[in-house]
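Model the placement of chain B on the given structure of chain A, informed by the hints.
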Amino acid sequence: VESRREPAAATGWRALRNRCSVAVGRLFQLGREETPGDVWLGRLLEWFLLSHAVYWAWAWGLFIAQIPAVVVAQGIARELDIGFFMGGRLGLLNAGLITSCALAALSRRGARLSLPLLVLLLHLQYVARHSLGKVAHGSQYVGIGLLMLAVAAWCMPSPAARRRFTLGGTLFFMGAGYVCAALSKLVARGPAWADGRHLWLWIGEKSVDQLSNLGQFELNALQRLCLDHWWLATGFLAGGLLAELSGFLLWSPKTRAAATVALIGLHLGVYWTMDILFDTYIYQLVLVGLPWPRWFDAARGRWLNGRRAAVAT
Amino acid sequence: VSKASTSALGTPAPAARSEARLGQRALSCLSVIVACHVALVASHGGEFWPFSMFPMFSGAGRPWQRALTVRVDESLLRGELPASYALDHLPGEPFPLLAHGIPQNDLSSLVQRAERWDEAEQRAFAQLFGGLPCSALPLLVLRVRGALADGAVEELATPLARLSCEAGQLRAQLLLQPGPRGE
Chain A
88 VESRREPAAA TGWRALRNRC SVAVGRLFQL GREETPGDVW LGRLLEWFLL SHAVYWAWAW
148 GLFIAQIPAV VVAQGIAREL DIGFFMGGRL GLLNAGLITS CALAALSRRG ARLSLPLLVL
208 LLHLQYVARH SLGKVAHGSQ YVGIGLLMLA VAAWCMPSPA ARRRFTLGGT LFFMGAGYVC
268 AALSKLVARG PAWADGRHLW LWIGEKSVDQ LSNLGQFELN ALQRLCLDHW WLATGFLAGG
328 LLAELSGFLL WSPKTRAAAT VALIGLHLGV YWTMDILFDT YIYQLVLVGL PWPRWFDAAR
388 GRWLNGRRAA VAT
Chain B
1340 VSKASTSALG TPAPAARSEA RLGQRALSCL SVIVACHVAL VASHGGEFWP FSMFPMFSGA
1400 GRPWQRALTV RVDESLLRGE LPASYALDHL PGEPFPLLAH GIPQNDLSSL VQRAERWDEA
1460 EQRAFAQLFG GLPCSALPLL VLRVRGALAD GAVEELATPL ARLSCEAGQL RAQLLLQPGP
1520 RGE
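So the protein sequences, as listed, match chains A and B.
Every number in my numbering is 87 more than the matching position in the first sequence, counting from 1.
Every number in my numbering is 1339 more than the matching position in the second sequence, counting from 1.
Source of the hints: derived by calculation from the structure; they are not laboratory data.
Misleading hints may appear alongside valid ones.
Computed from the model, here is a short list of chain A residues facing chain B with C-beta under 8 Å [unchecked claim]:
1) Ile154
2) Gln161
3) His224
4) Ala248
5) Cys267
6) Ala268
7) Lys272
8) Arg276
9) Gln303
10) Glu305
11) Leu309
To be clear about the criterion: a stretch of chain A counts as covered by chain B if any three or more of its residues have a C-beta under 8 Å from a C-beta of chain B, and this derived list gives those stretches [claimed, not checked]:
12) 213–219
13) 232–238
14) 252–259
15) 292–298
Part of the chain B face toward chain A, derived, beta carbon under 8 Å [said to hold, decoys possible]:
16) Leu1366
17) Leu1369
18) Met1395
19) Gly1398
20) Ala1406
21) Leu1436
22) His1439
23) Arg1452
24) Ser1474
No experiment lies behind these values; they were computed from the predicted model shown.
Yeah, the Cβ is synthetic: ideal placement off N, Cα and C, and Gly gets one too.
Isolated chain A, as found in the complex (with noise of 0.2 Å):
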């Protein structure tokens, strides 16, 4: 008896369709059943994305209010004049708005409305933030998951499956972005890129940021130890493109755990020798690519046997 049979229809495009949709599935683990672990990681997660939201959204309409106009415009402001939305308390009305878009989604009333307006919104703080020229990088990964949120909630029919999407789809994007940066290095320089000159020159600019920000600076023993050495900064810098060229790695379970601490020790090397601390992506990464699920079961699964043992006893 065959155990397997390809549907005979199934050919070409709608063929690739289906390989694709089982792989998604599969990577997302669509259809295995739920943990409480899992349960716990999903809140979690809802419970970190709306947060940062929050504390983005203050944050920027604070400084929102003290520019006096758009200088360089991103994103939908390329398309909408969002002048009116300089200088004043529009950014802090908006602050307002997306912290009680998410406490509606946190509450489970209009989830499905809330969330993509809270995107939206958030998009329009960013834009209106980063409107002096300055493209910061630190809330792509939080506002991927936020979208992921938003469409789960549409698209998604059970809790599980939200869940199970939000998860899968934060680490489709996370693993596309770091690969997508290591392209974007090599499209640029080349292998060259791993150049430890170049190193030096990232180290310069980063003492002019600290003096400037701090009015002293002073090397700490890795900068010393690579402005010494060309081989370590050539080495520090080809490691940072090969764990960004691994990013791909967070899409399979069985690999995530190895990618989730080189991107770590990516940004804690980037943190160390250039002073540029990207702490949100951190977290995240830690959220999200650790077999958190696994480890809540087992430890679960211990104390309850343990409970179990003393009542019986």
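Okay, now just chain B, sitting in the frame of chain A:
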């Protein structure tokens, strides 16, 4: 027909059917999001929050420009300023922006385009320092350029603007003549 037999004949079990159905739905959603991502990023210069090409650090080896603010004597601002300073011979003490809530990244972003400033950019520049008390002034804003030369990093600071207090108000005087806008 039992579930087990249908499974043996090649029909997927309920759990697998459910996974495939959800997988199809997830694939459709992901495809739409990826299409939006590509279209928005391509039409908006590589950035459309939360979508991005993540181009940071791709311009390795290219010269950079950053802002640096120093606190100076009144007498220095009255006279002619040198064209540039070495970082170890600045005309005053570096002024700590962080303690005064002035974002270095935004200031540097403005400073990089100083030759092409229009009225909005000049107002934004003055506004960044607008909360400073007169006791913190006068200040000299420098533009530091860094570049690789003969395998070493060379850094040179050029005076960009002086900030002084006049009748209790901050006065920003640009030392560069804005040129024509555009690339």
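Status of the hints after comparison with the structure:
1. Ile154: holds (6 Å)
2. Gln161: holds (6 Å)
3. His224: The hint holds - histidine 224(A) has a Cβ within 8 Å of chain B, the shortest such distance being about 6 Å.
4. Ala248: holds (6 Å)
5. Cys267: holds (5 Å)
6. Ala268: holds (4 Å)
7. Lys272: Since the shortest Cβ distance to chain B is 5 Å, the answer is holds.
8. Arg276: Holds, because the Cβ-Cβ distance from arginine 276(A) to chain B comes to roughly 5 Å (cut-off 8 Å).
9. Gln303: holds (7 Å)
10. Glu305: violated (13 Å)
11. Leu309: At 17 Å from the nearest chain B Cβ, leucine 309(A) fails the 8 Å test, so the hint is violated.
12. 213–219: This one holds; 3 residues, not fewer than the three required, reach chain B with a Cβ under 8 Å.
13. 232–238: Result for this restraint: holds, n = 3.
14. 252–259: holds (count 4)
15. 292–298: This one holds; 4 residues, not fewer than the three required, reach chain B with a Cβ under 8 Å.
16. Leu1366: holds (5 Å)
17. Leu1369: holds (7 Å)
18. Met1395: holds (6 Å)
19. Gly1398: Because about 6 Å separates glycine 1398(B) from the closest Cβ in chain A, which is inside the 8 Å limit, the hint holds.
20. Ala1406: Since the shortest Cβ distance to chain A is 6 Å, the answer is holds.
21. Leu1436: holds (6 Å)
22. His1439: violated (10 Å)
23. Arg1452: holds (7 Å)
24. Ser1474: It is violated, given that the least Cβ distance between serine 1474(B) and chain A is near 16 Å, above 8 Å.
Checked against the numbered hints given earlier, the structure breaks hints 10, 11, 22 and 24 and satisfies all the rest.
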